[in-house]
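For the protein sequence lines, the chains are C and W, in the order given. Per my numbering, residue -3 is the first one in the first sequence, and the count goes up by one each step. Per my numbering, residue 146 is the first one in the second sequence, and the count goes up by one each step.
Incorrect hints may appear among the rest.
[What the hints assert, rightly or not] Straight line, CA to CA, 27 Å or less: simulated DSS-like cross-link-like pairs of lysine-lysine:
{"#": "1", "chain 1": "C", "residue 1": "Lys93", "chain 2": "C", "residue 2": "Lys1"}
{"#": "2", "chain 1": "C", "residue 1": "Lys182", "chain 2": "W", "residue 2": "Lys308"}
{"#": "3", "chain 1": "C", "residue 1": "Lys182", "chain 2": "W", "residue 2": "Lys201"}
Just so you know, the hints here were simulated from the structure itself, not pulled from any lab data. Predicted, not measured: the structure shown is a model, and the values here were computed from it.
Single-letter residue listing:
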Amino acid sequence: MAIDKFTTLESPAIPLPIENVDTDQIIPARFLKATTRDGFGDNLFRDWRYDKTNNKIESFILNNPNYSGKILVGGRNFGSGSSREHAAWAIYDFGFKVVVSSFFADIFKNNALNNGLLPVQVSEDFLAKIFAAIEKDNKTNLKVDLENQTITLLATGDSEKFDINPYKKTCLTNGYDDIDFLLSIKDKIEAFEQAR
Amino acid sequence: MSKTTLFDKIWDSHVVQEIEGGPSVLYIDRHLVHEVTSPQAFAGLDKRGIKVARPKQTFATPDHNVPTKDQHLTIKDELSRSQVETLTRNCNNHGVNLFGLGHPWQGVVHVVGPELGITLPGSTMVCGDSHTSTHGAFGAVAFGVGTSEVEMVLSTQCIMQPKPKKMLIEVNGTLSKGVTAKDIALYIISKITTAGGTGHFIEYAGSAITSLTMEGRMTLCNLSIESGARGGLIAPDETTFNYVKGREFAPKGEAWDKALAYWKTLKTDEGAEFDLVYKYDAADITPMITYGTNPGMGMKINDTIPTGEGLSDNNKNTFLKALKYMDIEPGSKMIGRRVDYVFLGSCTNGRIEDFRAFAAFVKGKKKADNVIAWLVPGSKQVEKQCIEEGIDKALVEAGFELRQPGCSACLAMNDDKVPEGKYAVATSNRNFEGRQGPGSRTFLASPLTAAAAAITGVITDPRDLM
Ligand code: SF4
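Model the full structure from these sequences, guided by the hints.
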């Protein structure tokens, strides 16, 4: 089904300066039992957000009222591990539209894109700048411009280009999804099968 | 003609269409489905009012959620039961092959595929599970996908995928006693890290690889994803053909001869180029074990745990956070450390060969009293074989019992959860925080190392007991 369109976003960001954040942390397996796509945001980073008696762990960033925003900034190798798309759903459902990291695991990146969640890969340098800027001012805004493929730290004007596959970019800007496209080339697929 | 790799050959022959500046439309020969990552995909088809495009090429079995005791009873956990029932309903609605609970072919998807001959050389294969890389052992392009992609394949038998880069990992020489395919994999990941393979598809080659059995090759390819790679494959050879021949869904008669002739052409051309190449010497590999919270944090079992010295600040924080979670001192030893649980199973090491190795090791010995052991066959067929070969009896004599097939403590979605703060030696594939249950602590190792820990109750070099 169609995904939400994405063009530009200006928002403060929530920093998670940890490397190798794996999908088991993003959404632990015991919360994968649903048969719908909804409500996973409640259990996003469940075991970092809540202790075993379901009390909030105040020190965890998502529980800190001083931080809010639609951009999640993670350390290197974000989204490694299991292929569970529930990880992308949980992040999106929580209210994030963009995840920034210096490196994404492949499957996570695909899953994010397929759900209208934009993964923005930046250099280690730029990532460090973002973390530093947020540390200085937790309300500082980031601007993500998909058309021009730029991410900008508005406070300093520092900006960097990011890569995105042109096809995926079209999908995101227009809210298209891959299945519509694949269904539209059904004849081609059948011809391919015949020719084998 | 240009020189191409095995991966190119298989991938290119399955491209239906290239998209300008985009991913390829890739045709998928075989699609494996399980209960956790498929319900939302089937729901998508229903919403569009379409049916599964090629139900005969689609094979489903419940595994992630299922109990490993009393499978003949209704599943107690309501949500788990609902997922398993939803799978059954969806498969019936869409005419998809289903090996449900109690079916003689039920089991972990990646164990079932190969043992039924669903996995074939030269084919493309996907499943909504990252360890689909397992099937690369047969010289197939197999990789894990997300639920949206499961929906793509269910609706059109195709998937949109950017073509990965190519990596060659060569391991030459002879493995020494007590060293298994699992150790090769943990060794490689400890060298290239959990992000080292990202964006790549690995081809494993070299004499240490070709001398592995099919089970060993599956263990190795299974763990490709833990290095971040999309998948890993091994050129098919006589070992592969002998394994596939005669299996339920493998080609028969004339079709077999034709397939075999094609499969024999499947290898990387001499001089074909890879984007990255790593070479290792089998003689340098010993039994391995992980000490941290990702599969790249592994070491030779007799070594000392690193101190984090020399790491950048950010890396060092991540490193120390992992050791804190594990409650392990940097610079200490793994040998002799207390073990509370032992888990033999999963799509990494839940095959018959793993059970044979474990049983042979514990024969004539006794399980340590402080250890709770879960021995979970990867499939009904593995379970049956264990019984036929008397492995179950040998295990009972040594103080163990065999459970029923499923993913079990690999991801702890069912009741097989390692309690908070407890240590498990697991033959599975992930030692992430809480992977085996909230607060659980996992050491990944081979079935032999797991057996050694089960007997002594502490981390032990299996070679000392062989
Ligand atoms: S055994 Fe573990 S890794 Fe394998 S399919 Fe099951 S949950 Fe996934």
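Hints versus structure:
Of the pairs offered as hints, the one joining Lys93 (chain C) and Lys1 (chain C) holds, with about 10 Å between alpha carbons and a cut-off of 27 Å not exceeded. Proposed proximity of Lys182 (chain C) and Lys308 (chain W) is supported: the alpha carbons are some 21 Å apart, at most 27 Å. Straight-line distance between C-alpha atoms of Lys182 (chain C) and Lys201 (chain W) comes to about 18 Å, which keeps the hinted pair within the 27 Å bound.
When held up to the earlier numbered hints, the structure conflicts with none and fits them all.
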